[in-house]
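There are 4 protein chains.
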Amino acid sequence: MREINVGIVGTKFMGRAHSNAYIDVPHFFDVPFKPVLKAACGRDAESLKAFARNFGWQSTETAWEKLVARDDIDLIDICTSNVTHMPIAVAAAKKGKHVLCEKPIAMNADEARRMLDAAQESGITHMVAFNYRRAPAIALAKQLIEQGKIGTIRHFNAVYYQDWLVDPGFPYVWRHDVKEGGSGAHGDMSAHTVDLARYLVGEFEAVNGVQEIFVKERPSTDGKMLPVTADDATYFISRFQNGALGSFLSTRFATGRKNYLRIELFGSEGALVFNLERMNELEYYSRTDEGLAQGFRNVIVTENKHPYINAWWPPGHIIGWEHTFIHEVKDFLQGIAEKKPVTPDFFDGWRCQQVLDAVTESSVSQKWVSIAV
Amino acid sequence: MREINVGIVGTKFMGRAHSNAYIDVPHFFDVPFKPVLKAACGRDAESLKAFARNFGWQSTETAWEKLVARDDIDLIDICTSNVTHMPIAVAAAKKGKHVLCEKPIAMNADEARRMLDAAQESGITHMVAFNYRRAPAIALAKQLIEQGKIGTIRHFNAVYYQDWLVDPGFPYVWRHDVKEGGSGAHGDMSAHTVDLARYLVGEFEAVNGVQEIFVKERPSTDGKMLPVTADDATYFISRFQNGALGSFLSTRFATGRKNYLRIELFGSEGALVFNLERMNELEYYSRTDEGLAQGFRNVIVTENKHPYINAWWPPGHIIGWEHTFIHEVKDFLQGIAEKKPVTPDFFDGWRCQQVLDAVTESSVSQKWVSIAV
Amino acid sequence: MREINVGIVGTKFMGRAHSNAYIDVPHFFDVPFKPVLKAACGRDAESLKAFARNFGWQSTETAWEKLVARDDIDLIDICTSNVTHMPIAVAAAKKGKHVLCEKPIAMNADEARRMLDAAQESGITHMVAFNYRRAPAIALAKQLIEQGKIGTIRHFNAVYYQDWLVDPGFPYVWRHDVKEGGSGAHGDMSAHTVDLARYLVGEFEAVNGVQEIFVKERPSTDGKMLPVTADDATYFISRFQNGALGSFLSTRFATGRKNYLRIELFGSEGALVFNLERMNELEYYSRTDEGLAQGFRNVIVTENKHPYINAWWPPGHIIGWEHTFIHEVKDFLQGIAEKKPVTPDFFDGWRCQQVLDAVTESSVSQKWVSIAV
Amino acid sequence: MREINVGIVGTKFMGRAHSNAYIDVPHFFDVPFKPVLKAACGRDAESLKAFARNFGWQSTETAWEKLVARDDIDLIDICTSNVTHMPIAVAAAKKGKHVLCEKPIAMNADEARRMLDAAQESGITHMVAFNYRRAPAIALAKQLIEQGKIGTIRHFNAVYYQDWLVDPGFPYVWRHDVKEGGSGAHGDMSAHTVDLARYLVGEFEAVNGVQEIFVKERPSTDGKMLPVTADDATYFISRFQNGALGSFLSTRFATGRKNYLRIELFGSEGALVFNLERMNELEYYSRTDEGLAQGFRNVIVTENKHPYINAWWPPGHIIGWEHTFIHEVKDFLQGIAEKKPVTPDFFDGWRCQQVLDAVTESSVSQKWVSIAV
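Chains as they are written, first to last, in this note's numbering: chain A, 5 to 377; chain B, 5 to 377; chain C, 5 to 377; chain D, 5 to 377.
There may be inaccurate statements among the hints.
One copy or two, it doesn't matter: identical chains are merged, so the pair holds either way.
Stated by the list, open to error - Computed cross-link-like contacts, DSS-like style, restricted to lysine-lysine with a CA-CA straight-line distance of at most 25 Å:
(1) LYS16 <-> LYS38
(2) LYS309 <-> LYS16
(3) LYS343 <-> LYS220
(4) LYS53 <-> LYS38
(5) LYS53 <-> LYS16
Derived from the structure by calculation, the hints contain no laboratory data. From a predicted model like this one, the values you see are computed outputs, not experimental measurements.
Here chain A stands alone, though its shape is the one from the complex (with noise of 0.2 Å):
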């Protein structure tokens, strides 16, 4: 088989993801290439040096412009904090190297769209790692969406819920900074639902949000209180251009919600409701079931005909939240394979960003703010 060189930037919780996918997906998906951990690259040579034992990384590096640099490298991958995304992605870009980029893409729409062109110019393929996208159930909502089984859709209301901010003591860490992650829980997870936003009903018209920080200053490493500058929260109601209303709430402060993303949508033929904490199942209402036994079903999405599913076990035997990264990983494979474009991609991720900085506007201007065509 043929390999493919991967560069890996970020050692963390996404690093660890993405490594396993690198690892995995040669063992279930029949893939055009087969990655090759070639170098991990990260700031503390300490944990570096444990991150590239453990997934056996090949290499290491300390500076993300020696590893951009280096000739034996195919595929940058960039799951650092936000703030560097962009002058990875567009060093990379110019190297003529693949990118797959977590999310969100950037700081901002500005720098989203320097990505963009970066990555038109050269011609590589690029990605961002709205993973979601490639959970089974989510991919069978878009069948079922494309095979008109919903209709014309009304509704999209997302809640993106978690609870590691609840307790006022917990420590000040870089997400807490607006400087180094662009939002908080704006940027970290309405992420997430926008994307799946455009990507199952379409190209948002408007926005409308407020954002709250409920905790003012944490206690540092160091036992100093620092200022917290990014959102704790953000609710925004959103029309789309398709006449969908939409709703998106993203907190952190959502007491008892460990990594709870739901997704409704209601349509003139039917509904779909999908709940990240139960990933391997999705809820589907059709107003064709026959009348005395309408109801929502709950698919279990383990199926062979199942999206992605064909790969791994028989019925009922559920895949876990990482699966994700592996469905990516072979679709972003593929894509360079055949020269052809993966979605989403850093056009998404900029369209995506376009969203989320309207909300934040909105959210000082208290305003609706129109998306740009």
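Using the hints, position chains B, C and D against chain A.
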């Protein structure tokens, strides 16, 4: 509207539920008679008085023999402890009064048979209060089965869970005395699940069970410890005449479950699941649903076209447990007016009792026991 | 027992639910008055007659003015379309009659204020039929909040989903006419969620919403197409005075949802979730639960110690939607007897209406609108 | 890191799941050995080759005797059909190789006993792949039980539902042949629930069951009808040595259920419910919760402090079915390194098999069968 004079025996839990049913039924259903709450009978004068006042019973009796002897009573409703069902019902039947009798019909199948014989001889209309048949979701299940939606039934699995005896300090009551109740959890709870099995699947062929008393004695109200002689829990497996397998678990030691009657039916074409704690819902699976989107539908059984619902509220406005009695009384009155049998009648009560008796016998003999045909 | 003479205006859905409540309340609760169903009022003589017969109303009127003028009426119950609430209530108050009024209280906040003023001047007891406050699960939620179990509330997220307008062929009814109803989904459905928010969280500070009519005209019964002027759906976000964020989605286009009112409260110490289609359940999460075993508890709100339940059945025997009205009438009668205010009263109705009006205004102005203090 | 050379027999469903486990375990857990995928063994050369290539097995054998004879293999992993478990395991044990064997351990208890004897004589480390013990939710259940949270267990009720045989046209496979599998649903599915019962409750005292073949013959691939000799469904009830009652239903005719293993434990202090299709969740009820707010908690078992989870992802990011094998291999390697027994071992496999055999015997004799002590 014509009137029908009701005499009730028993003023507790069931007496209250039945009283409410007689009062409410003409407000919502087009019934042939308006029930008149003519006389209530109870052993304790004090609580009888309060009961009569609360529900508007026009007169009282403290001996059921007197009630049954009264010429101004058309219908005797039996809500007493099981040991008295047979004598009251037989006496009432002999006097030509229609009888609605609480479940289980009697202490044993012999008693039940005497009741059935007496009822048939006198030509009265008779009914056993297996009220769950008239939960709209169960009535809908019956319809779907009759339409062939489930196909050949392979499995009928029932549990009936309560937890009010978990605490060993819970005091001794009549339900702990096998001489008063005939049995414990078995007669009280399995009676319902066995009736539902007969209603939805058909007749039993043979049963095999085990009964257990976990807490061997309990404190009476005067502090003395009394031996418990009625089962805390009964488990049994069964074969049905149509080849299906059955499982029945009844227990008052299911910690955390309050009145959790769950049945699961699996057939060659579909499946049904019902849970009494969510009695307005019915889960339905159809193998004929399109392959990509098969799953258990949660049918909210509150549509106009659902059984009994047209009389009530718009979709999604749920009804309560007590409404099953209103439906029961409605159908009973109709049966009386049309001189047509209603089900479940004393025949059903007797057949159910045969199954219950066979389980108890198998628990003693430790062998399978066939149900007489 | 003392009696209280009731006169009802409106014979449809709510008229039936209220009638049932007056009849059933003395059977289960120890009320200070026995309600006498003295007179029913409706515009259509035919259906009025059937209504009176079904529920036993002793007399009828076809003009509410006549009903209000009658000396033998102590209590006026208003179940008519919204446009008539104010004139009836004000007239009744002036005549010194107690008033129970369906929600939303009026066409707008000005009308509501007039009703409140009239009620306060005459010293009557007044109530708005926000019946969901008296679902035992909601009353329990209130208790838990008051005990501090949830801590500082950060989020109140409500949806109210119905789907009876999904079909474009569904005929034009008065609810489509903004002049008759004041608004559509908003007044009918948001009224409930706004009231629950005020009850459980506190007063609103500001709101920002959007309203939509998806199907612009509908066929009247004579086949003519009539323009729909009342909203099919209203979305809004809010800030509360205590700093919490709120989200409110009301729609009649939520395909598959029948009467699905779901609220989620997240606080610094715990969380609560309620869903009207499973109104006997309350989900509760506590951060004080032992770390290994934290999770949302599904509380079946049918225990003796739960609000209102002692009057009903043993644990696990659920009650229905209509019972909320029985609880409402019970508390209303008690308030009348004790000459103490009951809530929600016309003050609450007025405050709720202010929020509803502000949302409508924000939908037009496309700006946040503050709620007057 | 030290290495351990693995030889696997069987290349299908379980071969794939185990291969994945050996590969992934060192990426996430601090294991004493790095497993080397030394040799894979299968009868069909073609599919063996593909299997070895997909997962990186370094060499292949087509006879298990040759694999077991190789000196460069430290650990034999048995993923073949049941009839071959015993000879392979005994041979491997005699050669001093550690053995991980799929479940059920053997064709019957005698075989299992021979395996146990061989393992004990040679001093190897041995394990049976009852992988569900290592679902974090089950491991948590075990912890809660050991902490006394459930108290004295009264009931253990298990169902294991699949539906892949509902269609009578589903072709004949080795699993229909009692000579190849020992039994059908029973050995395949009850093996799991019996093991879980032994793990969570303790030893069985006696069992009483019934077995059924609903579809008596099935088409082979060449179109001939072959008689089905392995059970489609097995039901049994049991007594445990501690006085608890048990119920076990296994069927491949549970239309709509894919891999639905549900267990319910009720004890004197609390209760637990687990469902494999939602394997990241555990329902827990505690009688010590405050009275107003008791209910089944839905614990999302994805917290750092939950068993095995620290190695994976943040809260709410669920893991899949295959992860149970990774946990299994992790503990097995640790046992080998520390020369300490791991459970479930061949003793557990043997005891489980005794229960399974007793059920089969009871199904024939139609009597209760005691489990030898």
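Hints versus structure:
In this homomeric assembly, LYS16 and LYS38 come within 25 Å of each other (Cα to Cα) both inside a single copy, at 23 Å, and across copies, at 22 Å. Taking CA atoms no more than 25 Å apart as the test, LYS309 paired with LYS16 passes between copies only; the shortest distance there is 19 Å, against 34 Å inside one copy. Taking the shortest alpha-carbon separations for LYS343 and LYS220, neither the intra-copy value of 48 Å nor the inter-copy value of 47 Å comes in at or below 25 Å. In the homo-oligomer, the alpha carbons of LYS53 and LYS38 lie at most 25 Å apart both inside one protomer (23 Å) and across protomers (17 Å), since each shortest distance falls under that limit.
In this homomeric assembly, LYS53 and LYS16 come within 25 Å of each other (Cα to Cα) only inside a single copy, at 12 Å, whereas the closest approach across copies is 36 Å.
Comparing the model with each earlier hint shows a violation of hint 3 alone; every other hint is respected.
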